[in-house]
Amino acid sequence: MSTKPLKQIHLAAHFPGVNNTTVWSDPAAGSHIDFDSFVHFARTAERAKFDFLFLAEGLRLREQGGRIYDLDVVGRPDTFTVLAALAGVTERLGLTGTINSTFNEPYEVARQFASLDHLSEGRAAWNVVTSWDAFTGENFRRGGFLPREERYSRAREFLSTAIELFDSWDGTELAADAGSGAFLRDARAGAFAHRGQHFDIEGRFNVPRSPQGRPVVFQAGDSDEGREFAASGADAIFGRHATLDEGRTFYADVKGRLAAYGRTHDQLKILPAATFVLGDTDAEAHETAHEVRRLQVSGQTAIKYLEHVWNRDLSGYDPDGPLPDVDPEVGENTIALGRASVRQFNDPLATARQWRELAEAKGLSIRELVIATTSRQTFVGTADTVARSIDSLVQADAADGFILVPHITPGGLDVFADTVVPLLQERGVFRSEYEGSTLRDHLGIAVPEAAPPTGRQVAAS
Amino acid sequence: MSVPPSSSTPSSSAPLHLAVALDGAGRHPAAWREPGTRPQALFTARYWADAVTEAEAGLFDFVTFEDALALQSSAPDGPDERTDRVRGRLDAVLTAARVAPLTRHIGLVPSVTATHTEPFHISKAVATLDHVSRGRAGLRVQVSGRADEARHFGRRTGPLPEAELYEEAADHVEAVRRLWDSWEDDAEIRDVATGRFVDREKLHYIDFEGPHFSVRGPSITPRPPQGQPVVTALGDGGASYRLIARSADVGYLAARSPDAARTAVAAVREARESAGLGDRPLHLFGELTVFLDDDAEAAAARRERLDALAGAPFEDDTEVFTGTPAGLADLLLERRAAGLTGFRLRPGATAHDLPALTRKLVPELQRRGAFRRAYEADTLRGLLGLERPASRYAARTTLTATAGPAA
Ligand SMILES: Cc1cc2nc3c(=O)[nH]c(=O)nc-3n(C[C@H](O)[C@H](O)[C@H](O)COP(=O)(O)O)c2cc1C
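These protein sequences, in sequence, are chains R and A. Position 421, counted from 1, in the first sequence is what the UniProt record's numbering calls 421; the numbers after and before it change by one each time, with no gaps. Position 162, counted from 1, in the second sequence is what the UniProt record's numbering calls 162; the numbers after and before it change by one each time, with no gaps.
Think of the hints as simulated: they come from the structure by calculation, not from any bench. Glycine included, each C-beta is placed from N, C-alpha and C at the ideal position. One thing to keep in mind: the hints can contain errors.
[What the hints assert, rightly or not] Just some of the chain A residues that point at chain R, by a computed CB distance under 7 angstroms:
#: 1; residue: 81
#: 2; residue: 102
#: 3; residue: 239
[Said to hold, decoys possible] Residues from chain A shown here face chain R by an in silico Cβ test under 10 angstroms; the list is partial:
#: 4; residue: 34
#: 5; residue: 73
#: 6; residue: 92
#: 7; residue: 98
#: 8; residue: 186
#: 9; residue: 187
#: 10; residue: 189
#: 11; residue: 194
#: 12; residue: 198
#: 13; residue: 219
#: 14; residue: 221
#: 15; residue: 263
Sequences are here, hints too, so could you generate the full structure?
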């Protein structure tokens, strides 16, 4: 390894949200809604010189068995609004928001991101997600019309249309010269015309080119199409593979797709989601990690989780007893709605079979099985152990960095900032000061040049 | 505490409420060339923070942020290709959110175009603005009948007829309001004993159905601090009055004389009664553009100078006042007698006229006992003397205890 220069690690902070990573029952857990929580979390991330803060999004409250799911945190604020407010209480931290390409329109989303980029002086990023289901669609004018196989075709066209809008101002149009009376140098600033399968729009984009030119683009789907979409145009992937072997496989797979799009290896950062538990000794950290898992997966939560696979009501089963002997209901999952995780189980019969075998072999109850098979803490140990594992995963090309999700809101990041970050800095693999002011600077990705605006050519010809 | 205005006769001596309409460098097309303006800064947070801070120093009830889903234009139905006027705007909700943590008392009211936006998105955005500002959010709902704007979305072949646009906007506000109510205040229970984070009996499907859209709900964002952020709309007659009557907490009326103001007030109040909302408080504000200087000639000369730069005399869709702070105070108090409870003032040139409003008009009104001397409440509803409403669904739950969400 001595011939290879040390890779610099990228770190980001995911505000803990609507899932069972959060331990809301902990007395130290605060509000997921109060702005104070966001301020605390963002300032910790900025104090630690993290690249960015990350917000996930969901557009309908999850349901299980026809009722709103009530065991995890429920409720979150609007992504754009929180990020804009956070821009007012931070100076360098990047602000990444998850925004869906199915239940939005390019003109509106593009101007929200361009506005966020102006209002934060170049710190905006967009995590493009493609949830398409009719369940979520019931909250929107469009309804749930989008077939699953069109989710990425719309996403791709949504993103390319948004880029046409961002590029409709190349950054030279604003004169704002009071003396001469020229506010614009170019009367056709913002002109665009896009004709495609999903969008047929034209006119004038009304936000001048923003500090980063365009927001940084993230992608967070794991399918083959999702990876291809990321390779074709994203700056970073929010991934779910944070172990050495899975991470390296994913990393190699996705980076291997870049050349086909004329892109280089370093033009796409791979940043898996990661959790952590710290302790004074490794043993203590493992003990705490075990307790955290028990808090995250109560008996009820375990039953509900099993229902994602079984697709039927299992409330009569004892979480401390054996797995159900009935088989999963195959077909559309109607029991758990609004959950991305449900889509992981595309062969429920096989999953059920595997789980039964595992439970029998190891004598696991339902709850123990769920604890054993669901995502566990990525990094567990002393600050030193955790710093070493993060560094070694990155140096081994299992990732370019991590998006950390603490299990306590909003204070769960503090101990990481205070103990792990200094060790990474000592190892020379993480910044001690921000080198630049924009998120592109932090990630080391260039400001894109504006492509020639389509609208002006159309209009001129 | 001020008494909530009712649609019965408002007191003609109650202190005025004041809002300032922020847009670019000001209402006059040449305002960006006014000395002291920083036209290069119009797309920075700093510019907006400074303006809102100035309005807050003047104890204004709230600021509004103009917005549209198209480039500004003097032409009725498309871009005007002009290079001598401010063009471009930042999203109003985001701008309001950006300044929220930098201010403490003033209300923040972004403009939203109901015609092309999703009620679900708008509801959670404004609810969140209310959360991040701790109860100071509102929205100004507007419609768009412009073909160029419709082409930016490509969903509709042509604009809807005006009456239908306003009907749709009223439905939009209804859906937004139901979503704000869809979480009862105490829905989050964090009951460790039962493992339940929320009491789902206190979360409600809104099941809004209208001719142009339907929304199922509930919101993903918990009920905002004010319960219902303040809904405002501008009216100049007909369908726009009906929107104010049916949907608003504050209406801005573009009337050009005391008589016109009286007629407009009567028309909206009557529409409010026929909508069955006569007992719900509704503020009616006068809408006015202002050019203010210590002496009247200076104000007139300044306006003429701006007109010369713009190459045309300034006109607006509402009354334009040019004169002294004392003269403006006279006019506002005269209008108050016509049944208006406050005013939304549009600075002709923000760099000059906003400080003139906060530092000259406000003291003048205070001397006359017609405006507050300190912020008396922490929320926008509080400043406007509007009570915090209970969730409509909470009321229903207590009436019919069995009506929970569908199983
Ligand atoms: C790590 C990760 C995080 C995700 N976060 C979100 C999210 O916050 N909101 C959302 O709607 N979808 C989220 N998704 C779902 C995906 O973006 C995507 O829409 C969905 O998985 C379908 O695409 P796929 O088939 O390529 O996975 C996430 C997916 C992954 C892998």
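Against the structure shown, which of the earlier numbered hints fail to hold, in ascending order? Checked against the structure, the hints that fail are numbers 3, 8, 15, while the rest are satisfied.
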